[in-house]
Structures are given as structure tokens and as C-alpha cells.
Amino acid sequence: MLEFLSRLFSRDNGSKNMAKERLRLVLVHDRTSISPQLLETLKADLIQVISNYMEIDESALEVNLDANGNTVALVANIPVKGMKRSVNKKK
Amino acid sequence: MGEVIVVTSGKGGVGKTTTTANIGAGLASMGFKAALLDADIGLRNLDVVLGLENRIVYDIVDVTSGNCRLRQALIKDKRLEGLHLLPAAQTKDKTAVSPEQMRELCLELKKEFDYIIIDCPAGIEQGFRNAVAGAEKAVVVTTPEVSAVRDADRIIGLLEAAGLNEPKLVINRIQLRMVKQGDMMSIEDIIDILAIDLLGVIPEDELIVITTNRGEAVVLDQNSRSGQAYRNITRRILGEEIPMINLEEEGGILKKLRRIIGLK
Numbered sequence: 001m002l003e004f005l006s007r008l009f010s011r012d013n014g015s016k017n018m019a020k021e022r023l024r025l026v027l028v029h030d031r032t033s034i035s036p037q038l039l040e041t042l043k044a045d046l047i048q049v050i051s052n053y054m055e056i057d058e059s060a061l062e063v064n065l066d067a068n069g070n071t072v073a074l075v076a077n078i079p080v081k082g083m084k085r086s087v088n089k090k091k
Numbered sequence: 001m002g003e004v005i006v007v008t009s010g011k012g013g014v015g016k017t018t019t020t021a022n023i024g025a026g027l028a029s030m031g032f033k034a035a036l037l038d039a040d041i042g043l044r045n046l047d048v049v050l051g052l053e054n055r056i057v058y059d060i061v062d063v064t065s066g067n068c069r070l071r072q073a074l075i076k077d078k079r080l081e082g083l084h085l086l087p088a089a090q091t092k093d094k095t096a097v098s099p100e101q102m103r104e105l106c107l108e109l110k111k112e113f114d115y116i117i118i119d120c121p122a123g124i125e126q127g128f129r130n131a132v133a134g135a136e137k138a139v140v141v142t143t144p145e146v147s148a149v150r151d152a153d154r155i156i157g158l159l160e161a162a163g164l165n166e167p168k169l170v171i172n173r174i175q176l177r178m179v180k181q182g183d184m185m186s187i188e189d190i191i192d193i194l195a196i197d198l199l200g201v202i203p204e205d206e207l208i209v210i211t212t213n214r215g216e217a218v219v220l221d222q223n224s225r226s227g228q229a230y231r232n233i234t235r236r237i238l239g240e241e242i243p244m245i246n247l248e249e250e251g252g253i254l255k256k257l258r259r260i261i262g263l264k
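For the protein sequence lines, the chains are A and B, in the order given. So for the first sequence, my numbering puts the first residue at 1; every next one is plus one. So for the second sequence, my numbering puts the first residue at 1; every next one is plus one.
Treat each hint with caution, since some may be false.
Selected chain B positions facing chain A (in silico; Cβ < 7 Å) [claimed, not checked]:
#	residue
1	Ser147
2	Val149
3	Arg150
4	Asp153
5	Gly182
6	Met185
7	Ile187
8	Glu188
9	Asp189
10	Ile191
Which chain B residues stay away from chain A? Per the calculated CB distances, all over 10 Å, these [what the hints assert, rightly or not]:
#	residue
11	Asp183
12	Ser186
13	Thr212
No farther apart than 25 Å at their CA atoms in a straight line, the calculated lysine-lysine pairs in the PhoX-like style are these [unchecked claim]:
#	chain 1	residue 1	chain 2	residue 2
14	B	Lys11	B	Lys33
15	B	Lys110	B	Lys78
16	B	Lys137	B	Lys110
17	A	Lys20	B	Lys168
18	B	Lys33	B	Lys76
19	B	Lys33	B	Lys92
20	B	Lys111	B	Lys33
21	A	Lys43	A	Lys16
22	B	Lys111	B	Lys11
23	A	Lys20	B	Lys110
24	B	Lys76	B	Lys92
25	A	Lys20	B	Lys11
26	B	Lys180	B	Lys110
27	B	Lys168	A	Lys16
28	A	Lys16	B	Lys110
29	A	Lys16	B	Lys180
30	B	Lys180	B	Lys137
31	B	Lys168	B	Lys33
The hints are simulated quantities; they were obtained by calculation from the structure and are not laboratory data. Note that beta-carbon positions come from the ideal geometry of N, C-alpha and C, so glycine has one too.
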């Protein structure tokens, strides 16, 4: 009973925190209005840089903006097919 | 020369029209000449909120299309000397007026009025672009809800893109009891998220429904919190420094209960 009452009157477990959290996440996406085109260019650049160090599966490469908890992360999923022994810069 | 202020929100139903009416009535009751401009063409509402719906002869589209002179379309309020309304057209749509025509209209009104308050339609389409075209300052109305705050955030971005920097925030329909329970975002929460200056906070109040039913403005009610809140907003628009009202309810039952069971 007391637990129920304390939950009822507590400030921390209220639905407002959920509202705030959801709002914060949704605004991160609204405000970082990254165009798909920009993401594609970023992808191409990433492929170029990483290819200097390892062989990657370009067709399976995924790059996304991911809002999680308090942070927004750039999440790249890059399948590696093989490592290179030495750095061979093209330039 | 008068000042043109647009009242906007993004989301509908958060209290733009009520806020426009009360700021206008507040300014007029303090002796200023105020013109209220309903920019929601096709969905006219400011006339009924002000109780002036039976006196409309001409509307904003009649003025911009040259059917009548501006002076003929302006409706004088029943009670307040300095308060005037330029009603929206009800049968036309948003494309009947262009942003350029709105700019000219605002320039014209500025010659005669101290303040021009524009009631912006909901949304971010042409109605919004029309409403902000002639404005120099902006007020953003929101309620403590996720959807309303999200739309407010979007509108703030669009206002700034339109050159209306530093819009001021009005938080409407706040319920202190729910804020204390942790079931409603607080003033600080919303300010923190939107990162703009606060113009005022209106508590949830049945009297707003009652006065609107009658076509009156709550700002003229001397005994209510919401009336006081709107008077404070009016004063802040005039440039006065007014502290935020204390929304604290005296010794609510919840507070007592909380004390009894030992929770602060």
C-alpha cells in the first residue's frame, strides 16, 4: 500500500520524464535534418578511407544516425572481408 | 509607428486565438490602440472569440483585393475603445492573399495603431508564410505536451529562417498539480528544451472557456489567475519587467497527503 502511495506521489516516476525523453529524441532527429544525399556522400568517403586499411563489403555497408539515450551516434555497420598487412595509400 | 507581432504555434488548438484576443484586449484596456488581424483565411475564429461575429461586413480579402478601404473593414470592439479587428475571409482560401499584400497591409496598419497582433493559422504552409510576412516580432504558444512542444520547436526554426529572431514563448494550460505529481512537463523543462525566452505562463482555467463562450476576454477579469497571467504578458510586451506569477496552490490536498505519509 505504501509503495503504491509513494509511487503515486513520487516525482521521479511520473510520465513527464517519458514525455521529456521522447521529445528530446524526436527533436534531435527534427533538428539534425540530414539529407539522404549527405549520408550517401559520407558513405562513399568512408569506403574510400577504410579501404586503405582493410577490404570491406561495400554493398553491405550501412550508415545511420542513431539516437539512443542521451546521445546521437553515427552508427556504421561495415562488414570486413579481409585485413591488409600494410597501409597502401593511393595518394 | 506601431509594432507588428505574430502569434503562432505550429500545432492547432493550443491557444493562439485566445492569446491573440487577450493580448489585444489587454493592450486596449491599458490605453493603447491595437489592431487584431485574423490571418486564418477560410477558418475565421478570432471574431467569435472576441464576440464580434455579427458585425462583420468586409474582411481581409476585400481589403487586399480592393473591394473596400481598410478603414471600412476594421471592426471596433464593443467595450474597449482602442481595440479593432480585421477579420479573415471565411469563403476564400489561403492563396487569396499573398505575403507581399500582407506586408503592405501591416505597413498601412502601423501608421494608425500602436500594436498589430496577427493570429497565425496552424501549420507551416502559405497561411503561416502570409502571417509572418509583415511581422517584426513573434510569440510562440505551446502547451506542456510532446506534440505541441515539438511543433513549437519546428516553428521557432521557421521563424528564425524568416528573419524573426528571438521569438518569445507562452506556455498555455499548465496544471501545477500535475507538474508536482511529475505527470506534466514543467515550465523549466519546456524552456530547457526549446531554449527561448519566456513571455508568460497561463494556468489551466475553466474561466477561459466561460469567457470565450460569452465572447469576452479573460484578461479583463481582475480576480482570476489566467486574467492576471494575460495582463502580465501584456505588460511584458510593453517592455515592463514583471516577475512570473506564483502558480502555487495554497495547501492542496495532495500536499497534505504527501506530508502525512512522509514524502516531501
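Would you check whether Ser147 (chain B) satisfies its interface hint, that is, whether its CB is within less than 7 Å of any CB in chain A?
9 Å, violated
Holds or violated: Lys137 (chain B) and Lys110 (chain B), Cα atoms, limit 25 Å.
13 Å, holds
Can you confirm whether the C-alpha distance between Lys111 (chain B) and Lys33 (chain B) stays at or below 25 Å?
With Cα atoms ~11 Å apart, Lys111 (chain B) and Lys33 (chain B) stay inside 25 Å; holds.
Next pair to validate is Lys168 (chain B) with Lys33 (chain B); report whether the Cα-Cα distance is within 25 Å.
Satisfied, since the Cα-Cα distance of roughly 22 Å is no more than 25 Å.
Holds or violated: Lys11 (chain B) to Lys33 (chain B), with C-alpha atoms at most 25 Å apart:
29 Å, violated
Let me know if the C-beta of Val149 (chain B) comes in closer than 7 Å to any C-beta of chain A, holds or violated.
6 Å, holds
Next pair to validate is Lys43 (chain A) with Lys16 (chain A); report whether the Cα-Cα distance is within 25 Å.
38 Å, violated
Sort out whether Lys16 (chain A) lies within 25 Å of Lys168 (chain B), counting only the CA atoms.
The given pair, whose Cα atoms are some 23 Å apart, holds under the 25 Å limit.
Would the hint on Ile191 (chain B) be counted as holding, given a Cβ-Cβ threshold of 7 Å to chain A?
Where the cut-off is 7 Å and the nearest Cβ of chain A is about 12 Å from Ile191 (chain B), the hint is violated.
Is the shortest C-beta separation between Glu188 (chain B) and chain A less than 7 Å?
With Cβ-Cβ at 11 Å, over 7 Å, it is violated.
Given Met185 (chain B) as an interface hint, is its Cβ closer than 7 Å to any Cβ of chain A?
5 Å, holds
Lys33 (chain B) and Lys76 (chain B) were given as a pair; does the straight-line alpha-carbon distance stay at or below 25 Å?
Satisfied, since the Cα-Cα distance of roughly 11 Å is no more than 25 Å.
When the structure is compared with the earlier hints, violations turn up for hints 1, 7, 8, 10, 11, 12, 14, 19, 21, 22, 23, 26, 28, 30 and for no others.
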